[in-house]
Amino acid sequence: QKEVEQDPGPLSVPEGAIVSLNCTYSNSAFQYFMWYRQYSRKGPELLMYTYSSGNKEDGRFTAQVDKSSKYISLFIRDSQPSDSATYLCAMRDLANFNKFYFGSGTKLNVKP
Amino acid sequence: NAGVTQTPKFRILKIGQSMTLQCAQDMNHNYMYWYRQDPGMGLKLIYYSVGAGITDKGEVPNGYNVSRSTTEDFPLRLELAAPSQTSVYFCASSLEAGGNNEQFFGPGTRLTVL
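Quick mapping for you: the protein sequence lines, in order, are chains A and B. For the first sequence, position 79 (counting from the first letter as 1) is numbered 79 according to our numbering, and the numbering increases by one without interruption. For the second sequence, position 74 (counting from the first letter as 1) is numbered 1074 according to our numbering, and the numbering increases by one without interruption.
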């Protein structure tokens, strides 16, 4: 079983739609949860970061963590064609601060 | 600031050849990392370094070696290239290990081993 599972997509939505991206994980020790955005042929860039459970909002982006279900989500409101990219979730525990576990990424396409 | 730079952008190797993937950062970050990204598999940590002269293995270190003689540079060495090492390689750096520990990624090196 993979440490982190993520639906690869692709997910295709019309401009302005609300997008929901999700990851599940198996290691209950994970405490830090991140979402990265990766444009084609580029390196990942950090979008959102949350510690433990709860919600975090940044502009059109909301990250949610449900530790009881081992499930994290990224919501994108009013999606734009410029949001078209692959979204990777990543997480780590307190002990292994240099060890990040990445999901395989979900490819999102926002159609104008 | 250039951030994290990687060279070359692309490379084709024959089985058994060796090469060094270069990585440099100008942000004075202590922590540096090498990942490989295979299609549908996410990023896997190969090696990391917490400072000049200190390196440690990640999840998939076999077939690779690293060195960290300066804060800025963290080259990755492939000694005997194998087709299983065909991948996209990303170098990353971060200022610290605790808390957020945001990693800044380079643009990647696409390596094909034939």
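FYI, nobody ran anything at the bench for these hints, they're computed from the structure. Small disclaimer: the values here were computed from a predicted structure and weren't measured. Heads up, some of the hints might be wrong.
FRET-style restraints, in silico, Cβ to Cβ [what the hints assert, rightly or not]:
#1 B:N1065 / A:Y39: 29 to 37 Å
#2 B:K1057 / A:A17: 30 to 38 Å
#3 B:R1110 / A:K111: 38 to 46 Å
#4 B:E1079 / A:R77: 33 to 41 Å
#5 A:N109 / B:E1059: 27 to 35 Å
#6 B:G1051 / A:N109: 22 to 30 Å
#7 A:D93 / B:I1054: 27 to 35 Å
#8 B:Q1022 / A:E57: 33 to 41 Å
#9 B:L1114 / A:S52: 27 to 35 Å
#10 A:S26 / B:L1114: 30 to 38 Å
#11 B:G1016 / A:G59: 23 to 31 Å
#12 B:M1027 / A:G59: 43 to 51 Å
#13 B:G1053 / A:N27: 43 to 51 Å
Beta carbons are placed, not taken as given, at the ideal position from N, Cα and C, and that holds for glycine.
Comparing the hints with the structure gives:
1. B:N1065 / A:Y39: 29 to 37 Å: holds (30 Å)
2. B:K1057 / A:A17: 30 to 38 Å: Given about 43 Å between the Cβ atoms, the range is violated.
3. B:R1110 / A:K111: 38 to 46 Å: violated (28 Å)
4. B:E1079 / A:R77: 33 to 41 Å: With a Cβ separation near 49 Å, E1079 of chain B and R77 of chain A fall outside 33 to 41 Å, so the hint is violated.
5. A:N109 / B:E1059: 27 to 35 Å: Holds: the Cβ-Cβ distance is about 30 Å, inside 27 to 35 Å.
6. B:G1051 / A:N109: 22 to 30 Å: Check failed, 41 Å falls outside 22 to 30 Å.
7. A:D93 / B:I1054: 27 to 35 Å: violated (21 Å)
8. B:Q1022 / A:E57: 33 to 41 Å: holds (39 Å)
9. B:L1114 / A:S52: 27 to 35 Å: Check failed, 46 Å falls outside 27 to 35 Å.
10. A:S26 / B:L1114: 30 to 38 Å: holds (36 Å)
11. B:G1016 / A:G59: 23 to 31 Å: violated (50 Å)
12. B:M1027 / A:G59: 43 to 51 Å: At roughly 25 Å between Cβ atoms, G59 of chain A and M1027 of chain B fall outside 43 to 51 Å, so the hint is violated.
13. B:G1053 / A:N27: 43 to 51 Å: Once the Cβ atoms are compared, 31 Å apart, the range 43 to 51 Å for N27 of chain A and G1053 of chain B is violated.
The structure shown violates the earlier hints numbered 2, 3, 4, 6, 7, 9, 11, 12, 13.
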